[in-house]
Amino acid sequence: MKQKLFYVILIASFALSAVAHYSHMSKTLQFVLCCIAVVFAAGFMGKATESVAHYAGERIGGFLNATFGNAAELIIAIFLVKDGLYDMVKASITGSIIGNMLLVLGLSVLLGGLKFKVQKFNVMLAGYNASLMLLAVVALFIPALFAKSFTTKETDTLSLIVAVILIVAYALWLLFSMITHKEELADVAAVQAEEAHAHEINWSKGKSVLFLVIATVMVAFISEWLVGTLEEFTHKFGLSELFVGAFLIAIIGNAAEHSAAVFLALKNKIGAAVEIAIGSSLQIALFVAPVLVLVSYFMGNTMNIVFTVYELAAIGVSAVIAKSISQDGSTSWYEGVLLLVVYVILGIAFYLV
Amino acid sequence: MKQKLFYVILIASFALSAVAHYSHMSKTLQFVLCCIAVVFAAGFMGKATESVAHYAGERIGGFLNATFGNAAELIIAIFLVKDGLYDMVKASITGSIIGNMLLVLGLSVLLGGLKFKVQKFNVMLAGYNASLMLLAVVALFIPALFAKSFTTKETDTLSLIVAVILIVAYALWLLFSMITHKEELADVAAVQAEEAHAHEINWSKGKSVLFLVIATVMVAFISEWLVGTLEEFTHKFGLSELFVGAFLIAIIGNAAEHSAAVFLALKNKIGAAVEIAIGSSLQIALFVAPVLVLVSYFMGNTMNIVFTVYELAAIGVSAVIAKSISQDGSTSWYEGVLLLVVYVILGIAFYLV
Amino acid sequence: MKQKLFYVILIASFALSAVAHYSHMSKTLQFVLCCIAVVFAAGFMGKATESVAHYAGERIGGFLNATFGNAAELIIAIFLVKDGLYDMVKASITGSIIGNMLLVLGLSVLLGGLKFKVQKFNVMLAGYNASLMLLAVVALFIPALFAKSFTTKETDTLSLIVAVILIVAYALWLLFSMITHKEELADVAAVQAEEAHAHEINWSKGKSVLFLVIATVMVAFISEWLVGTLEEFTHKFGLSELFVGAFLIAIIGNAAEHSAAVFLALKNKIGAAVEIAIGSSLQIALFVAPVLVLVSYFMGNTMNIVFTVYELAAIGVSAVIAKSISQDGSTSWYEGVLLLVVYVILGIAFYLV
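Chains as they are written, first to last, in this note's numbering: chain A, 1010 to 1362; chain B, 1010 to 1362; chain C, 1010 to 1362.
Incorrect hints may have been included.
[Unchecked claim] Quick partial rundown of chain A residues pointing at chain B, CB under 8 Å, derived from the structure:
| # | residue |
| --- | --- |
| 1 | Val1127 |
| 2 | Ile1330 |
| 3 | Val1346 |
| 4 | Val1351 |
| 5 | Leu1355 |
| 6 | Gly1356 |
| 7 | Val1362 |
[Said to hold, decoys possible] Here are the simulated PhoX-like pairs of lysine-lysine, each with C-alpha atoms no more than 20 Å apart in a straight line:
| # | chain 1 | residue 1 | chain 2 | residue 2 |
| --- | --- | --- | --- | --- |
| 8 | A | Lys1124 | B | Lys1191 |
| 9 | A | Lys1191 | C | Lys1126 |
| 10 | A | Lys1126 | A | Lys1276 |
| 11 | B | Lys1056 | B | Lys1013 |
| 12 | A | Lys1056 | A | Lys1216 |
| 13 | B | Lys1011 | A | Lys1157 |
| 14 | C | Lys1191 | C | Lys1129 |
| 15 | A | Lys1011 | A | Lys1129 |
| 16 | B | Lys1276 | B | Lys1129 |
| 17 | C | Lys1191 | B | Lys1129 |
| 18 | C | Lys1276 | C | Lys1126 |
| 19 | A | Lys1126 | B | Lys1157 |
| 20 | B | Lys1056 | B | Lys1011 |
| 21 | C | Lys1157 | A | Lys1157 |
| 22 | C | Lys1056 | C | Lys1216 |
| 23 | A | Lys1191 | C | Lys1157 |
| 24 | B | Lys1157 | A | Lys1129 |
| 25 | A | Lys1056 | A | Lys1214 |
| 26 | B | Lys1124 | C | Lys1191 |
| 27 | A | Lys1011 | A | Lys1056 |
| 28 | A | Lys1276 | A | Lys1124 |
| 29 | C | Lys1191 | B | Lys1126 |
| 30 | C | Lys1157 | B | Lys1157 |
| 31 | A | Lys1191 | C | Lys1124 |
| 32 | A | Lys1191 | A | Lys1129 |
What the hints contain is simulated information worked out from the structure, not anything from laboratory work.
The beta-carbon is built from N, C-alpha and C at its ideal position, and this holds for glycine as well.
Chain A with its partners taken away, still in its complex shape (with noise of 0.2 Å):
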């Protein structure tokens, strides 16, 4: 019943979206549709992700999960880099990143922990977490500190190779968490099994294919179509590309791991929930915002990866909060209201400047 009506919705919303953006509708129509839209096209492809990951194995199924995780702001970002408006896929970067450490993990924490007094997780992975956020914050900040003293080409030599570098380490840290260390870093093999009972799987090998290919096409139409009303939306509004960037896009292209992580920390399933609002911060920082500056260097014109005073600010920040809070392994309600109120004091900031 619940899963009819959501597909019903899911095509609902991609035809209206549709309609609305052949027939040139009002441009914040189109944007609300389309945001609704890409919400449940990525709840689609999350699905699908599963179901292909299901049959892939259990490596190769880690890995899908892990690096389809976030495919629905990597498109639009796609997009995003093809027409050129790196300041908004920066925004939107950054805007993933701290979503997730404050308001994906401070929902989770103050929602857990309104319910059970204190809930715990695996120390070993939050300690491996924050130490893989510190590299990201290191990555980012490093580039942007240099830049003063570089030329254009040299800043773009010098983000290819620390994207290149980045992907590596994000590719040994799948390695290590996956396989070589798995049992010790018990949480991600919890959020898989808490993935796989979750869903019931119940499409075929090929069904399941032919279902992420089309949730792929329908998020790829979703997300140009939304980037295209994104220059009228922000002026009619009066709203900066950083805030639409780093706040709207972000939270929208992110909201099916709000449900899922707070769900699971209703459950007190809060390794899981921690899992998931990190670690897709940490692809974002380590993989999404790496490729992104592949792509546009294949695209041929390079989108350096120095981000501005203000954004690097907010992800250090939020990485030093997060790192400070799920160090000890236990959460409360209380470190909750620190994330929000750190992410709520950064809206403002991004919202006024």
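Given the structure of chain A, go ahead and fit chains B and C onto it with the hints provided.
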């Protein structure tokens, strides 16, 4: 006997300050007398607060202790705000934060550590304290960073919003630490128990309230006289406002905490000493500073929450080093040395600037 | 046999360097020969120090080991100071600090981790190391920040005061870690035991002292020759002083630590490896750098302690990532990867700048 001497000095120093002020004696003499008087008046206010808290019952009492703990600094600062000395207000806020985290904590840890090889305290509380300190650093850092792109009005708006958010976050922290998770954070309770035991309450209910009112009025008068001497005193000795606010005013305003924390450390109650030192820093950053912003707004001329880069660096550095030292829940004499070394380096830098 | 070969190369490389220097051969050849010679002479000095330390008794021996550990770097740096090459001195200090924290530690953790799944070491020592690293970062950061508002004289004054404070803090650390809290910080003892066992002492007391004097003289000569080649070598290959100082000089000067730490890690003595890597970084920052400031003062032209923003960023970033990785008291191969990734990113940025 010792009690009697206290009251004699309290009254004598207050009277002498008044005479010096109204007969326009040398500003340097006035400054010295007011400094002595305010230390004793703050001590008197502390006793009266505890007595009132005793009669008010555990919860409201805890709240009273927490909010009146820095009442002397708050009153001095309000008189500085009234005179528009915003730079000195911010310097004294900075000085109170770093003075508590470095000087008070450092002396307690060093002297306690010379007597006891290793002193232990509640790790969970240390973790929360560290996260709250980071919130404070973030909340001061973000407005300072964004202010460069802001108009004065936008800066004021952000300052007021951040101030309200911090007061709410602090109120929720009191709710969390004193009500919902009181047992988990045992050292907070330990401080209160300690305070209740340390001083025998021998005033009636009415007397307690009366004494609290008298003490507050005394502190208010001395603060006004003290503030009046600052400008001339500062010029005469060639000191910067930054140094006077951040070191002289802050040490005087926190004299009561200094002695209390050190005595607790020497009794091997390092947990209570840490709670006084760090708790007081947090209260200044998350409650006193925002209240001063709101007070200035209602006085008609908003003091923004933008601190200088020197002040931010001092607060950030102190938070990071205090976090690093407190996070394992145990201390030894060398950690006290580290805290004091950082305090001395900051002191020299502020003196030279 | 192996011993014999060592002495043959030691003497041969020293002799060839001397010939190359005094017959004015190509600077590039001189540079290469001096690099080889200094690695072996530093190794010889290490052996002689241990032998002298053995006869000096445990306490003075520990102190000798600790202070002579970076004697080669100190001597090279003194010759750089003599020639007024302050920028290269600071670059080589930076390089030694980050080389030890990232390259030496990273290689040890990676190679040790490939052999042993998880390696553990003393958590308490890790905590103290982290706090001392933060002190070092703070002590370099504060003068750099305040220097903008300072006259040259004020900067020199602050530099000298900070240098003296750091040397005192380092002396107290030796007192703490080797005398008052030796048992608690077991890994320091482990390093010493390891060092004592690793090399059989077969020199007499007189011979040991004589060899230490000879080794020191050799290092001094080679250092002077090496420094003489740097300018031309740097220009010829279009390298920046920053890159040569921070990467080439630092790797050469620390070659002994590199091999010692990696061998210990491969024997599952990761605690001793960490102590060598981090301990050496701390010694450079808290002892060698301040001593160089004082040396320059007595030579009549004070070298201030103000590092460039790139150097500070590199040191800060290294300290934060090393802290994050070491604070749980256990390591695995991926943490080695993280450290090396940060080293490579910094290396590329310094090369391009």
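Tested hints:
1. Val1127: holds (7 Å)
2. Ile1330: holds (5 Å)
3. Val1346: holds (5 Å)
4. Val1351: holds (6 Å)
5. Leu1355: Holds, because the Cβ-Cβ distance from Leu1355/A to chain B comes to roughly 7 Å (cut-off 8 Å).
6. Gly1356: With a closest approach of 10 Å, the Gly1356/A hint is violated.
7. Val1362: holds (5 Å)
8. Lys1124/A / Lys1191/B: Within the cut-off at roughly 17 Å; holds.
9. Lys1191/A / Lys1126/C: Holds, at about 11 Å.
10. Lys1126/A / Lys1276/A: holds (13 Å)
11. Lys1056/B / Lys1013/B: Holds, at roughly 14 Å.
12. Lys1056/A / Lys1216/A: Judged against 20 Å, a Cα distance of about 12 Å means the pair holds.
13. Lys1011/B / Lys1157/A: violated (64 Å)
14. Lys1191/C / Lys1129/C: holds (19 Å)
15. Lys1011/A / Lys1129/A: Distance ~32 Å between Lys1011/A and Lys1129/A Cα, so the pair is violated.
16. Lys1276/B / Lys1129/B: holds (13 Å)
17. Lys1191/C / Lys1129/B: holds (18 Å)
18. Lys1276/C / Lys1126/C: holds (13 Å)
19. Lys1126/A / Lys1157/B: Violated - the C-alpha atoms of Lys1157/B and Lys1126/A are around 42 Å apart, more than 20 Å.
20. Lys1056/B / Lys1011/B: holds (14 Å)
21. Lys1157/C / Lys1157/A: holds (19 Å)
22. Lys1056/C / Lys1216/C: holds (12 Å)
23. Lys1191/A / Lys1157/C: Given pair Lys1191/A, Lys1157/C is violated - Cα atoms ~50 Å apart, limit 20 Å.
24. Lys1157/B / Lys1129/A: With a Cα-Cα distance of about 41 Å, the restraint between Lys1157/B and Lys1129/A is violated, given a limit of 20 Å.
25. Lys1056/A / Lys1214/A: At roughly 13 Å apart (the allowed maximum being 20 Å), Lys1214/A and Lys1056/A satisfy the hint.
26. Lys1124/B / Lys1191/C: Roughly 17 Å separates the two Cα atoms, so the pair holds.
27. Lys1011/A / Lys1056/A: Roughly 14 Å separates the two Cα atoms, so the pair holds.
28. Lys1276/A / Lys1124/A: Satisfied, since the Cα-Cα distance of roughly 9 Å is no more than 20 Å.
29. Lys1191/C / Lys1126/B: holds (12 Å)
30. Lys1157/C / Lys1157/B: Judged against 20 Å, a Cα distance of about 19 Å means the pair holds.
31. Lys1191/A / Lys1124/C: Roughly 17 Å separates the two Cα atoms, so the pair holds.
32. Lys1191/A / Lys1129/A: With a Cα-Cα distance of about 19 Å, the restraint between Lys1191/A and Lys1129/A holds, given a limit of 20 Å.
Comparing the model with each earlier hint shows violations of hints 6, 13, 15, 19, 23, 24; every other hint is respected.
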